[in-house]
Amino acid sequence: MADLPDAAACYELLARMALIRRFEEEAGRQYQRAKAGGFLHLAIGEEATIVGTTSVMRDEDFLIGTYRTHGHAIARGTEPKRVMAELFGRVDGTSGGRGGSMHIFDREKRFMGGYGIVGGNLPIAAGLGLASQYKGEDAVTVCMFGDGASNTGNFGETMNLAALWKLPVFFLVENNLYGMGTSVERHSAQTDLSKKAEGYGIPGARADGMDVVAVREAVAEGIRAAREEDRPTLLEVVTYRYRGHSAADPEVYREREEVEEWREKDPIENFARRCVEAGVLGEREVRQARDAAEETVVAAVEFAENSPEPPLDTMYENLYALDDPGGWYAVDERSPEPHRGEREDRMPDSARELAEAGAAYAEQPDDGQRPNPALQGDAQDGAESRVSAEREVGDEGEDVGSERAINTEEDEG
Amino acid sequence: MAELRMREALRDAMAEEMRRDEGVFVMGEDVAVFQGAFKVTEGLIDEFGERRVRDTPISENTIVGTGVGAAMGGLRPVVELMTVNFSLLALDQIVNHAAAIPYMFNGQARVPMVIRMPGGGGHQLGPTHSHSFEALYLQVPGLLVACPSTPADGKALLKAAIRDDNPVIFIEHESLYGVKGEVPEGEDEVLRFGEAAVRREGGDVTIVGVLKMAQVAEQAAAKLSEEHGVEAEVIDPRTLRPLDLDTILESVRKTNRAVIVEEGWPHGGIGANMATLITEQAFDDLDAPVQRVTGADVHMPYSKRLEQAAIPHEEHVVSAALATLEGSL
Chain A
1 MADLPDAAAC YELLARMALI RRFEEEAGRQ YQRAKAGGFL HLAIGEEATI VGTTSVMRDE
61 DFLIGTYRTH GHAIARGTEP KRVMAELFGR VDGTSGGRGG SMHIFDREKR FMGGYGIVGG
121 NLPIAAGLGL ASQYKGEDAV TVCMFGDGAS NTGNFGETMN LAALWKLPVF FLVENNLYGM
181 GTSVERHSAQ TDLSKKAEGY GIPGARADGM DVVAVREAVA EGIRAAREED RPTLLEVVTY
241 RYRGHSAADP EVYREREEVE EWREKDPIEN FARRCVEAGV LGEREVRQAR DAAEETVVAA
301 VEFAENSPEP PLDTMYENLY ALDDPGGWYA VDERSPEPHR GEREDRMPDS ARELAEAGAA
361 YAEQPDDGQR PNPALQGDAQ DGAESRVSAE REVGDEGEDV GSERAINTEE DEG
Chain B
414 MAELRMREAL RDAMAEEMRR DEGVFVMGED VAVFQGAFKV TEGLIDEFGE RRVRDTPISE
474 NTIVGTGVGA AMGGLRPVVE LMTVNFSLLA LDQIVNHAAA IPYMFNGQAR VPMVIRMPGG
534 GGHQLGPTHS HSFEALYLQV PGLLVACPST PADGKALLKA AIRDDNPVIF IEHESLYGVK
594 GEVPEGEDEV LRFGEAAVRR EGGDVTIVGV LKMAQVAEQA AAKLSEEHGV EAEVIDPRTL
654 RPLDLDTILE SVRKTNRAVI VEEGWPHGGI GANMATLITE QAFDDLDAPV QRVTGADVHM
714 PYSKRLEQAA IPHEEHVVSA ALATLEGSL
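As you go down the protein sequences, you meet chains A and B in turn. Quick note: the first sequence uses this note's numbering, first residue 1, plus one each step. Quick note: the second sequence uses this note's numbering, first residue 414, plus one each step.
The set of hints was computed from the structure by calculation and includes no laboratory data. These numbers come from a predicted model, not from an experiment. Glycine is no exception: its CB is placed at the ideal position from the N, C-alpha and C atoms. Be aware that one or more of the hints could be misleading.
Restricting the straight-line Cα-Cα distance to at most 30 Å, the calculated cross-link-like pairs of lysine-lysine (BS3-like) are [to be verified]:
#1 B:Lys-593 x B:Lys-636
#2 A:Lys-265 x A:Lys-195
#3 A:Lys-166 x A:Lys-135
#4 A:Lys-135 x B:Lys-452
#5 B:Lys-452 x A:Lys-166
#6 B:Lys-452 x B:Lys-593
Which chain A residues face chain B? A few, computed with CB under 7 Å, are given here [what the hints assert, rightly or not]:
#7 Leu-4
#8 Ala-7
#9 Tyr-11
#10 Arg-98
#11 His-103
#12 Pro-123
#13 Ala-126
#14 Gly-127
#15 Asn-160
#16 Tyr-329
#17 Ala-330
Across the chosen pairs, the derived CB separations fall in these ranges [to be verified]:
#18 A:Lys-195 x B:Gln-552: 40 to 50 Å
#19 A:Thr-314 x B:Glu-602: 29 to 39 Å
#20 A:Glu-185 x B:Asp-459: 48 to 58 Å
This is chain B alone, in the form it adopts within the complex:
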């Protein structure tokens, strides 16, 4: 075990996979000489050189499209989009091309590429630089979607994503880059997509937290235990597609209650979708309506007070969990 920050764990994942497979290369805006806008690619150019660590022009759709072509040509591109927000400029290549090509050409072409993109709010970056688009990418068949919340998962999932033959949307949270955690050492520590982590066991209510909200869910669970005597089970799905619904359902069958926490918008969100799946699959096990905790249904305001009020915190999660328990406490 080594204690690493998220950004270091992600960098190590890329470096290890680049050492392992000559076909893996990194490209994106300011990933090489500048060492990455969030310093995730720090040092890669020194070890691997400009052929394999490539600065690109600010041309998001073409960056992704070039990755699609390179992947179809037999390489394994790891594309960094500077932020989730800018990925909107590449939506055509992501949806109409990367995701569709394997299916529309009936398996004659594969697109083994990873598209990394950091996002999320909390840094007073305002409406165009604070998005959470996990739900947007979850919606697209053909894509895999990863949302790691710990350095260990970040490393193991990114390594798995690079080895995967499908296009992977790899969403990172800007607030988690500096967070430290124990990371197992070893080149082959990869994590299968579709395996949720149970972060905390408990029998009273299931709380599913996505990306940074997995940590908020854990904090809320501690508070629920200390202040309300409620033992929550906290699940971090780690990947949204494929989704480890089995682990979530197993927990809900035990607790009979569910809360889903995400930072993105409520309509058509992760929670909306997951609540439906839980209701369809485990309606008879539920003792209360599934609760969602989401970001506010607005464009992220700049004002620190407004922004913090727009982002879910542990109090929101505690309140939602208690709501599912109303009448039974």
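Pulled out of the complex, with its shape left as it was, chain A reads as follows:
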């Protein structure tokens, strides 16, 4: 077993993991309250993988991930309240409410995105690495993706290109044993994912994703190889998500016992216990880490609740990198009026009224007429009893059905 780092580092690791855990639990709760929309992919159980990785990155390094990256951004230093505001679709969100849960981004922290397309971030990581190398900069790009992405064409293409061009990129596959609901044994002929890039000349290694110290050590070596030798490597980190693939996952593909077994390996509980037993941290500090997480997350929800909705006249902002697009860059066909293109503030009043009319649909309560698209029809009927976080909201928008939701763990702080 890898040695513990010093007390300050241990506290930081514990505090970050606890913060992500608490944030994700709260995100799930806010989803049930219909405060967060769309799909919600939680990383509960995967905290050691995330924090172990970011803890050995430099500020100048880039991190790029998947659609399950609330925690990755937070681990890089993005304020949790801005991530929560993004889940709420508000102006203070990391993408001003344009991206949502799957598309968190923080340029300042060099968190280069959450991406909704499986495997879509891999070639982009190669490009970020190429840019650093081309400019003679020391930065390493850390590219994290799931076990499912290792089956995409992008995986093979990017491994080949990164090895061929000797790019300063470190690849980390977060193997949580399922690509959505398909187990790794059922989706990959090679289940030792660390071997999947060997044919491209990229050596692989494996680490225990439930042990933050083990992840740290393995990632540090991969980053070193990328930074000092321009040598991309692949690390498979074996981990587990306690929650479903998304909040709309009835989890028919795995047994409850399996989830319980993995909970025994909980990365936060076990790390805290180890730190206390080793005398590196006291019980008081463990509590302090949890209390701090609680405080931060409660404040994050309050911040998100109070953040304004995006104004309608910002609809076309940042579609193009132009101070004042003007003319026919984008065409507005939401009203019958003759128009001048993309700017809402140039719209005639009647068109503005129609835009407002459209936006008003956002205020309608989710009364079952517009169920989660993943649960429509027969699937919904069958899944109902096992849905992990089905949103049941009354006329006033209040949560009336969260008791029915199973598979939501206790508040573990």
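Take the given structure of chain A and dock chain B to it, following the hints.
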């Protein structure tokens, strides 16, 4: 002025921008040692070396994706996809990433890259090597789409595209690479996107021709004048997004008639879209329904006879223009 072929003009544009900006580099399949499948990148590796002129594996989605990442990292990649046809393999990176990233990350990331792709029919390359996808890329918000028809425009638009902070789909026509034209000299001859060219003035009918069809439209206009006494105004939009609709509308208000010529498929095509815009904006000025001339609604056949019958020629344009004038001649 120098007389250059389209391929030379495009190469000069890249070379000049690479000299001007260290962040500009070229990558694609066979762009370096092979000198480009259509010889557009000829000589670049000799001047700029392998760091800035990069041969890639045949991995279209990853080529574009690497360009996206490099652009987000502060470079200005000029990516060559060997043909428009192969760009279908990169659609995810083009649509879900290059086009979406600036918007979905709310301006925190820019994707200043050019994706060059030659296409079009006429060379008996059959169903998978003869596509015209101007309309496909026009549809995607976040992209700019350029379709130059002359060497001068090719050079000036490509230079502008490289300097632009947005992702640009730069569509070239394989049949135009060898066409010669006068090209102004000077490093700063760039062309603003969204400025159409009026190739020929006339008061009877407006003909808008895209890419190679801009030339076919000009030939048709000459024939209309000689054989029918009809004076057509020919407009080459040069960029489809942004579109210089103002110039087109101004012409239609004068001629009261419009014909749109493109090589691509009819459904959801350039003409379908432009006809709608014209009808919405200038319905009262129209004396006849807007006419479209498009490629045939089939996969491009190999047979030379069938292929030529599938591609619009000046006769089709003349016929469409005369149809808008029916009863008024």
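Hint by hint, here is what the structure shows:
1. Proximity of Lys-593 (chain B) to Lys-636 (chain B) is assessed by CA-CA distance (about 22 Å); at most 30 Å being required, the pair is judged to hold.
2. Simply put, Lys-265 (chain A) and Lys-195 (chain A) have alpha-carbon atoms about 25 Å apart, close enough for the 30 Å limit, and the pair holds.
3. As the CA atoms of Lys-166 (chain A) and Lys-135 (chain A) are separated by approximately 15 Å, the hinted pair is consistent with the 30 Å bound.
4. Our distance criterion of 30 Å between C-alpha atoms is met by Lys-135 (chain A) and Lys-452 (chain B), whose separation comes to about 28 Å.
5. As the CA atoms of Lys-452 (chain B) and Lys-166 (chain A) are separated by approximately 28 Å, the hinted pair is consistent with the 30 Å bound.
6. Among the hinted pairs, Lys-452 (chain B) with Lys-593 (chain B) is consistent with the structure: their alpha-carbon atoms are about 15 Å apart, no more than 30 Å.
7. Interface restraint check for Leu-4 (chain A): the shortest CB-CB distance to chain B comes to about 35 Å, outside 7 Å, so the restraint is violated.
8. Among the interface hints, the one on Ala-7 (chain A) is violated; its C-beta lies about 36 Å from the nearest C-beta in chain B, farther than the 7 Å criterion.
9. Because the smallest distance between the Cβ of Tyr-11 (chain A) and any Cβ of chain B comes to about 31 Å, over 7 Å, the interface hint for this residue is violated.
10. Taking 7 Å as the C-beta cut-off, the interface hint given for Arg-98 (chain A) holds, the closest approach to chain B being about 5 Å.
11. Checking His-103 (chain A) against chain B by beta carbon gives a least distance of about 5 Å; that is within 7 Å, so the hint holds.
12. Proximity of Pro-123 (chain A) to chain B holds as hinted, the smallest CB-CB distance being about 2 Å (cut-off 7 Å).
13. Of the supplied interface hints, the one on Ala-126 (chain A) holds, with its beta-carbon coming within about 5 Å of a beta-carbon of chain B, less than 7 Å.
14. The beta carbon of Gly-127 (chain A) comes within 2 Å of a beta carbon in chain B, closer than 7 Å, and the hint placing it at the interface holds.
15. Taking 7 Å as the C-beta cut-off, the interface hint given for Asn-160 (chain A) holds, the closest approach to chain B being about 6 Å.
16. For Tyr-329 (chain A), the interface hint holds, the least distance from its beta-carbon to any beta-carbon of chain B being 4 Å, beneath 7 Å.
17. Given hint, Ala-330 (chain A) at the interface with chain B, holds; its Cβ is 6 Å from that chain's nearest Cβ, closer than 7 Å.
18. The supplied range of 40 to 50 Å is met by Lys-195 (chain A) and Gln-552 (chain B), whose beta-carbon atoms lie about 41 Å from each other.
19. Hint check: Thr-314 (chain A) to Glu-602 (chain B), Cβ distance near 36 Å, so the stated range 29 to 39 Å holds.
20. Between Glu-185 (chain A) and Asp-459 (chain B) the Cβ separation comes to about 52 Å, which falls inside the hinted range of 48 to 58 Å.
Of the hints listed earlier, those the structure fails to meet are numbers 7, 8 and 9, in rising order.
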